[in-house]
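Chemist: Taken in order, these protein sequences are the chains called A and B.
Sequential numbering of the first sequence, starting at 1, is according to the working numbering.
Sequential numbering of the second sequence, starting at 1, is according to the working numbering.
If you're looking for bench data, these hints aren't it; they were derived computationally from the structure.
It is possible that part of the hints are untrue.
[Stated by the list, open to error] Think about it this way: if two alpha-carbon atoms lie no more than 20 Å apart in a straight line, the pair counts; the simulated PhoX-like pairs of lysine-lysine are:
1. B:K103 <-> B:K80
2. B:K147 <-> B:K47
3. A:K77 <-> A:K143
4. A:K143 <-> B:K103
5. A:K124 <-> B:K47
6. A:K143 <-> B:K110
7. A:K77 <-> B:K47
8. B:K110 <-> A:K196
9. A:K180 <-> B:K103
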Amino acid sequence: MRKILKYIISVFFLVITTGSLFAQKGTVMPSAVRIGTDLGYLGVSIFDPDKQLFEIVADVDLYKLFLTADYGMSSWKINQNNFEYDNSGSYLKVGIDYNLTARDPDLNVIYFGMKYANSSFSEKFNYSITDPFYYDYSENFNKSNMSAYWIEANFGMKVKVWKQLYIGWAGRIKFAMKVKSDNSSFNTYFIPGYGKAEYDSRWGFNFQIFYRIPFREKPPYKPKKIRENKKTEGEPIDNVEPIDQFR
Amino acid sequence: MKNILKITVSAFFCLYVLLSCDTTDCITFSTRVVIVEFLDSATNNSKSLDFELITAIDSEVAYYSDTTVSKCYLPVNTEKEETTFLFVNTDNSIDTLHIEYDKIVRLISKDCGYEFQFNNIEIVNSTYENAISLGNELSRLNEENIKIYH
Chain A
1 MRKILKYIIS VFFLVITTGS LFAQKGTVMP SAVRIGTDLG YLGVSIFDPD KQLFEIVADV
61 DLYKLFLTAD YGMSSWKINQ NNFEYDNSGS YLKVGIDYNL TARDPDLNVI YFGMKYANSS
121 FSEKFNYSIT DPFYYDYSEN FNKSNMSAYW IEANFGMKVK VWKQLYIGWA GRIKFAMKVK
181 SDNSSFNTYF IPGYGKAEYD SRWGFNFQIF YRIPFREKPP YKPKKIRENK KTEGEPIDNV
241 EPIDQFR
Chain B
1 MKNILKITVS AFFCLYVLLS CDTTDCITFS TRVVIVEFLD SATNNSKSLD FELITAIDSE
61 VAYYSDTTVS KCYLPVNTEK EETTFLFVNT DNSIDTLHIE YDKIVRLISK DCGYEFQFNN
121 IEIVNSTYEN AISLGNELSR LNEENIKIYH
């Protein structure tokens, strides 16, 4: 829980800092942060007693770009007769999305982008073997302080369903994964946020729900009409009423 | 525009549900069996030898007894990263073959379980003067892993 709070505070700090930077240049004005979660993960956490997944996702609009961040936590236990596996950890993904529908009146978004992801986790594996040739034995592996990073190319959409509520999906290709090397004989099995570690690249798919929290009334960009007015009549931007759709 | 977006989101939700099943192939080629082949040092051809017993240190069973073989299939000790095989000849003399290897434990999936992978097979010590390890990973696809010229 503390981690989530830390994350939310960091996102807001990022929003405010970035927003003020761009505002100073007078080119882009961030207007809202959209915070959401993955519905599929919630479903898994409810129906699969061995898996606990939670992800919080956020984006901040910067005209055609979005600053995005995902933070997730996961734990997974496998209990079988002859082996047990336990994995728990968290991950953070930060990146930029390009908005293909920057002028949509409902602020619906179709996007593609890139993310850098980092995961910290620990995993335990123990097995017992009934050996038909040698003696029976059991072995334990405990890998703590593990980490991995990778790149994600993502695409998707977010659609307004009611007031500030949005739903969306995100498809992603995860690649260039590098897991921290260690001397253990046990191959890292699962990386939170990535998936099975033995694959060099993974597909991912998320079904998400968002709530948009606007923190300024102005639209996230200067509408064309106003720019044209400024050009012809030389009127300062602040004196121009926003076009109807953004009232 | 809005309707198109909503339809697309719904369609991808259905796709998401369909793709959520993660299936893993349980079939792998890894094995714990090292294949030792005896060859005639003069002709380089396969050579059959008589043994009273073939086993390994720490092993609780005999892999072969009172047999004539040119190729033998010997399970390694999965707990350790070394195994010493014992070849008891018909005159009761014993030849040894001590090998070392890297062991990797790989969890395949919840349903498939785990497996061992053995790489870099090296001959540390042997009473056979001319024993050569091919150094390959132990696999069901291998023809042989160790050649002993006799």
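Chemist: For every hint, state whether the structure bears it out.
Modeler: Each hint, compared with the structure:
1. B:K103 <-> B:K80: holds (8 Å)
2. B:K147 <-> B:K47: Measuring from Cα to Cα gives roughly 11 Å; hence the hint holds.
3. A:K77 <-> A:K143: holds (15 Å)
4. A:K143 <-> B:K103: Distance of about 17 Å is within 20 Å: holds.
5. A:K124 <-> B:K47: Since the Cα atoms of A:K124 and B:K47 sit roughly 47 Å apart, the hinted pair is violated (cutoff 20 Å).
6. A:K143 <-> B:K110: Satisfied, since the Cα-Cα distance of roughly 19 Å is no more than 20 Å.
7. A:K77 <-> B:K47: violated (51 Å)
8. B:K110 <-> A:K196: The given pair, whose Cα atoms are some 12 Å apart, holds under the 20 Å limit.
9. A:K180 <-> B:K103: holds (19 Å)
Hint compliance for this structure: hints 5, 7 are broken, all remaining hints hold.
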